[in-house]
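**Q** Starting from the known structure of chain A, arrange chain B on it as the hints suggest.
2 protein chains.
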Amino acid sequence: MNIVFIGAGNLATHLAGACRAAGHNIVQVYSRTMENAVLLAAKTGAEAVNELVQISPAAQLYIFSVKDDALPFVIQGMPHTGGVWVHTAGSLPMQLFAARNAKHGVIYPLQTFSKQRKVDFTTIPVFIEGSNTTVTRLLEELAGTLTPNIHYLSGDKRRYLHLAAVYACNFVNHMYTLASEITEKEEISFDVLMPLILETASKVTDMPPRAAQTGPAVRFDKEVMQHHLSLLPDDRMRELYTLISTSIHQHSL
Amino acid sequence: MNIVFIGAGNLATHLAGACRAAGHNIVQVYSRTMENAVLLAAKTGAEAVNELVQISPAAQLYIFSVKDDALPFVIQGMPHTGGVWVHTAGSLPMQLFAARNAKHGVIYPLQTFSKQRKVDFTTIPVFIEGSNTTVTRLLEELAGTLTPNIHYLSGDKRRYLHLAAVYACNFVNHMYTLASEITEKEEISFDVLMPLILETASKVTDMPPRAAQTGPAVRFDKEVMQHHLSLLPDDRMRELYTLISTSIHQHSL
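These protein sequence lines are chains A and B, in that order. In case it helps, this note's numbering puts the first sequence at residues 1390 to 1642. In case it helps, this note's numbering puts the second sequence at residues 1390 to 1642.
It is worth saying that the hints were derived from the structure and are not from the lab. A quick note: this is a predicted structure, and the numbers were derived from the prediction, not measured. Mixed in with the good hints, there may be bad ones.
[As the list claims (entries may be wrong)] Only pairs whose alpha carbons sit at most 25 Å apart, straight line, appear in this in silico DSS-like list of lysine-lysine:
(1) Lys1611(A) with Lys1546(B)
(2) Lys1432(A) with Lys1504(A)
(3) Lys1611(B) with Lys1456(A)
[Unchecked claim] Computed from the model, here is a short list of chain B residues facing chain A with C-beta under 8 Å:
(4) Pro1482
(5) Val1555
(6) Met1564
(7) Ala1568
(8) Thr1594
(9) Arg1599
(10) Ala1601
(11) His1616
(12) Glu1628
(13) His1640
[Unchecked claim] Covered stretches of chain A (in silico footprint by chain B; criterion: 3 or more residues with CB under 8 Å from a CB of chain B, positions within the stretch not fixed):
(14) 1431–1442
(15) 1445–1458
(16) 1464–1473
Where a beta carbon is used, it is the ideal one built from N, C-alpha and C, also for glycine.
Isolated chain A, as found in the complex:
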């Protein structure tokens, strides 16, 4: 499949790499920042461009993977092309494209991507949605070359899935950050927490998270919680500790 990537961020980098590895032809990579366009284009054998007007009209698929805030402006600025336009955003409806291109859709790989870390695309669930059957078939064909884990999901459901993913990934990672600040300050290696982190994640693969809950908050062990609050360095940390602990306790009732 001939594909143009609009955007060269974390998600675009991984998705374009996976498409290339699956034998697709990455025609162009557009980024407002030429440096980023060149970087990803070099990795995928594509042409780098940094002006929307330079985008080739002849590709079969245009994958928009830019910041959510920027997407409406990028769509406005796109030249007319053949082919299907899709975005990769969890929170945005595919209808954003409707006024500019009737053939549109979404391909949403549910994973956290950092440029410097490899991921195995074949384990990633990919959620697709198309404005008509032809689009859906095209996305199905593309996704099928990347992963066996393909799902059809409406935009209405997808935005909730994205919200759930923020809790299960972004908020979780922030808890790791806060834990690492505590250990760093005490000159304890963060590495000693790793078996706990991996077991906590692995545990919910075979029991519901509510049943997996342990710790002082679920037992409502007031003394331990008071003691923890006294160890925390500032009001913000104390407020977060109290709010999450209260929420844990309420969800255990």
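**A** Relative to the frame of chain A, chain B by itself:
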């Protein structure tokens, strides 16, 4: 080693099982609830007791693994024995034992334990502290039969490690619970989040969590965050979302 377990909860169950598997002799299991004492005693070839006065005075080691709140009362009620008294709590100082037994310490396995889920004890970091060298050697000897991952840690540091563990495990698991509530309500299988959950945990094994952070809050993508707030079912969920998002953004600056 001849060991008495005081307590038959999640941690005691796993630790007693691991001690037994390593060839130690579990003499007795005490629990206030006879049913729990019998359950763990049967698993470990021990005698079950539910009165502190029934505890044998002849063991080498007494491992107290009860709720933190209850520990002072259990210590008060313990009959005089030979041997070393230790607890397994992250937050409590070993000095709790000092008035009753000069030979005391702590053995703190850093892991989340649920009775119904197996864990591989050899991967668990165990933190020990003893009131004198003889005690420390005894704990070192015991821990050495369970895991190669042994650390000496003072009570002052251990309480911070326990606090960090609450973030890295208990708070993380609550984020999974909140995510599962969102997906359940929308009739999306929680299983589709599993590759994301496992990658998020695995990511911090090779990059610092601050560098691993992704998502709308670190980008300070206001529209996505506003949209997410509009999807959340109540004020408590919105307050938590806002507080964690603000904290993510502040920690990224």
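**Q** Now, for every hint given, state plainly whether the structure supports it.
**A** Tested hints:
At roughly 21 Å between alpha-carbon atoms, Lys1611(A) and Lys1546(B) fall within 25 Å of each other, so this suggested pair holds. A hinted pair counts as satisfied when its Cα atoms are at most 25 Å apart, and Lys1432(A) with Lys1504(A) qualifies at roughly 12 Å. At roughly 11 Å between alpha-carbon atoms, Lys1611(B) and Lys1456(A) fall within 25 Å of each other, so this suggested pair holds. For Pro1482(B), the shortest C-beta to C-beta distance to chain A is roughly 11 Å, which exceeds 8 Å, and the interface hint is violated.
The interface hint given for Val1555(B) is met, as the beta carbon of that residue sits about 6 Å from the closest beta carbon of chain A, less than 8 Å. A cut of 8 Å between beta carbons decides the hint on Met1564(B): the least distance to chain A is about 5 Å, and the hint holds. About 4 Å separates the beta-carbon of Ala1568(B) from the nearest beta-carbon of chain A, less than 8 Å, and the hint is met. At a threshold of 8 Å, the smallest CB-CB gap from Thr1594(B) to chain A is about 6 Å, leaving the interface hint in force.
Checking Arg1599(B) against chain A by beta carbon gives a least distance of about 5 Å; that is within 8 Å, so the hint holds. Among the interface hints, the one on Ala1601(B) holds; its C-beta lies about 6 Å from the nearest C-beta in chain A, closer than the 8 Å criterion. At about 6 Å, the closest approach between the beta carbon of His1616(B) and any beta carbon in chain A falls short of 8 Å, and the interface hint on this residue holds. For Glu1628(B), the interface hint holds, the least distance from its beta-carbon to any beta-carbon of chain A being 7 Å, beneath 8 Å.
For the restraint placing His1640(B) at the interface with chain A, the shortest Cβ-Cβ distance is roughly 6 Å, inside the 8 Å limit, so the hint holds. Interface restraint, the segment 1431–1442 of chain A with chain B: violated (0 residues with C-beta to C-beta distance below 8 Å; minimum three). Coverage of the segment 1445–1458 of chain A by chain B holds. Counting CB-CB distances below 8 Å, 3 residues qualify, and the rule asks for three or more. For the segment 1464–1473 of chain A, the proposed coverage by chain B is not satisfied: 0 residues have a C-beta within less than 8 Å of a C-beta in that chain, short of the threshold of three.
Violation of the numbered hints given earlier is confined to hints 4, 14 and 16; the remaining hints are satisfied by the structure.
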